[in-house]
Amino acid sequence: MRWLTLAIGAVILTFTITPWIGPGALDPAKVLAGDPLDRQIFIQFRLSRTLLAMTAGGCLSLAGCLFQAMLRNSLATPYTLGVSSGAALGAVVFICVGMPAIWLGAVLGAALVLLIVLGFALQQKQLSAHALILAGVSINSVCSALIMLLHSFAGFTQSFSITSWLIGGVDTIPFAPLALFAAFVIPVCAFVIWQAPAWNLLAVGEYWAAARGASVRRLMFGGYVAGSLLAAVTVSLTGPIGFVGLLVPHLVRQLTGADHRILLPCSLLFGASFLAVCDAFGRSILAPADLPVGVITALLGGPGLVWMIRSQHARNV
Amino acid sequence: MIALQEVTSRRGNILALESVTLSFQPGEFVALAGLNGAGKSTLLETMAGLLPGYAGNCLVDGREVRAWSSRDLARRLSFLPQLVAARLPFSVEQVVLMGRHPHCDRWFASTEDLRAMESAMALTGCAEFRARGFHTLSGGERQRVLLAAALAQQPRALLLDEPGAFVDLPHQVQIFRMIRDLCRDGLLCIAATHDLNLAATYCGRLVILDKGGVHIDASPAAAFDDPSFPQVFGPAVCPSRTPSGRPWLWYGD
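For the record, the sequence lines run as chains X and C. Throughout the first sequence, residue numbering follows numbering that gives the first Met the number 0, covering 0 to 316 in sequence. Throughout the second sequence, residue numbering follows numbering that gives the first Met the number 0, covering 0 to 252 in sequence.
Hints are computed from structural coordinates only; laboratory data are not their basis. Be aware that a few hints might be false.
[Unchecked claim] From the derived model, a few chain C residues whose C-beta atoms are all more than 12 Å from chain X:
1. Glu17
2. Leu181
3. Ser227
[Unchecked claim] According to the in silico footprint, chain C covers these stretches of chain X (three or more CB under 8 Å from chain C):
4. 204-210
5. 222-236
[What the hints assert, rightly or not] Label-pair restraints from in silico Cβ distances:
6. X:Asn72 <-> C:Ala220: 44 to 50 Å
7. C:Glu117 <-> X:Gly8: 43 to 49 Å
8. X:Gly8 <-> C:Arg105: 25 to 31 Å
9. C:Gly36 <-> X:Ile115: 33 to 39 Å
10. X:Leu117 <-> C:Asp71: 25 to 31 Å
11. X:Phe220 <-> C:Gly251: 48 to 54 Å
Just so you know, even glycine gets a beta-carbon here, dropped at the ideal spot from N, CA and C.
Bound conformation, chain X alone (with noise of 0.2 Å):
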């Protein structure tokens, strides 16, 4: 329990301090005055970027912690099981092909993905963990050898944006689909949460899991389309965010221990201050230069977890 306040805590913190850092000092009492310039930038650029940061942080988090659990395997992240790369094709379709809503390309390849694995895993009889990771390696390098045979082809400007879209970055968002973003995601959060005693019991194995009266089949098939939704569309929104999904949940188990019930409220909390925090380090630490999230984010998470699983041995040896 006092680590799911500290959590509230940290997204507290985190919300009320990150819109303020950036290139071009902002005066609180001038916005608070309601002076319509550093207003505007405030609302329109800093506060809605933070809350995309913090929304996507917090999804890539949970559903990384959920694949962590349901998987049995901690080196999960939200794109082991494969509808992220799909997200990924079809954005850098939509790129190549000149489309405007590289999102919406986003959305189809994720939903064409997770339609093509559902359709596969309803005529098997049991959904294991084992199949499901098989399925999304195989898919991750399929939609990857497309995604570089398209860069190949690719001309000089669709190159770049098709590059910056995969690094992941998040950026000013107008708060109309920033809010659906929201309202779709807020249910299926809720979900995996309520799941929480479900998802202790999948850790420890579905054997285990199906003898405690746990319907392992359709817990697999809620976790696989839940946890693929919240990474499909964060995905469709930032581009494919390194790290998060790995990095926070295992930092989160370290202080929590492995009760999902605790584990993944504090997953999704302390995931969207953390991405919010390291976007507002990327967009301050060289200004003028906005350094997009996705490298932030990997260049802290490698070093990171190494340096977790050095201190993880150290205690148990």
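Following the hints, put chain C in place on chain X, whose structure we already have.
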């Protein structure tokens, strides 16, 4: 309480159980023995509803096991699988409380759940490491915690796949004695085991499987005396009696 009629079950292309007919009543403590690959685990998993692809009838309380919802089934019988590897940092108490899953509709444990957890931990002797992480325990300690979870489920039938695996001798004896006492109060327990002396000491009935079929189904003493006993176990184990007359196996020459 559990009745199998002509049950045949496949694992991949292998016929793991072939027309097995058995029935088990409340209050029995049954040991399930046989060589590796004889079908012990398949039989337990079929009765636990985990292998719905069987042919024949497998009835739990008069109803086909695959027709039960997993929750209703888990309130009646509790299955402890072989090799449960929880690598995530769950505490011992959390693992034991998982046994309460089929009974509770709430998110957090009720006082009844906590009471069931306490008594199950006391029965299996794992209260002393209750606050530790499950992943930090030794193999035998883990096995006792998993058994505690299966007991906290408060089933009417307990299906155990090698409950004594990795467990030190005093605790194996304690576990078998504890289960025997629970069976005297009406619990049905079917335990796959390789320790036939332990089975002969505490179980009232010994079912020996061979190549997917029931080879011997008798009391331990009668099973040891059965002329076909050496056909399964070969010359390396010699059925005999202790000086006090209990059935006992000697090893080797």
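**Prompt:** Within 48 to 54 Å or not, the Cβ separation of Phe220 of chain X and Gly251 of chain C?
**Reply:** Holds, since Phe220 of chain X and Gly251 of chain C (Cβ atoms, about 53 Å apart) stay within the stated range.
**Prompt:** Between Glu117 of chain C and Gly8 of chain X, does the beta-carbon spacing fit 43 to 49 Å?
**Reply:** 34 Å, violated
**Asked** Taking C-beta pairs only, is Leu181 of chain C more than 12 Å away from all of chain X?
**Response** The claim stands: Leu181 of chain C keeps its Cβ more than 12 Å from every Cβ of chain X (closest is about 18 Å).
**Request:** Using the beta carbons of Gly8 of chain X and Arg105 of chain C, state whether their distance is inside 25 to 31 Å or not.
**Result:** 27 Å, holds
**Asked** Just checking, Glu17 of chain C versus chain X, shortest CB gap more than 12 Å?
**Response** 22 Å, holds
**Prompt:** Taking a Cβ-to-Cβ distance below 8 Å as contact, does the region 204-210 of chain X have at least three residues touching chain C?
**Reply:** holds (count 5)
**Prompt:** Taking the closest pair, is the beta carbon of Ser227 of chain C still more than 12 Å from chain X?
**Reply:** Since the minimum Cβ distance to chain X is about 33 Å, Ser227 of chain C lies beyond 12 Å and the statement holds.
**Message:** So is the region 222-236 of chain X in contact with chain C by the C-beta rule, three or more residues under 8 Å, or is the coverage claim wrong?
**Reply:** violated (count 0)
**Item:** Distance restraint hint 33 to 39 Å, applied to the beta-carbon atoms of Gly36 of chain C and Ile115 of chain X
**Value:** With a Cβ separation near 38 Å, Gly36 of chain C and Ile115 of chain X satisfy 33 to 39 Å, so the hint holds.
**Request:** For the range 25 to 31 Å, tell me whether the beta carbons of Leu117 of chain X and Asp71 of chain C fit it or not.
**Result:** Hint holds: Cβ distance 28 Å, inside 25 to 31 Å.
**Distance restraint hint 44 to 50 Å, applied to the beta-carbon atoms of Asn72 of chain X and Ala220 of chain C** = 49 Å, holds
Going down the numbered hints, you'll see the structure goes against 5 and 7, while the others check out.
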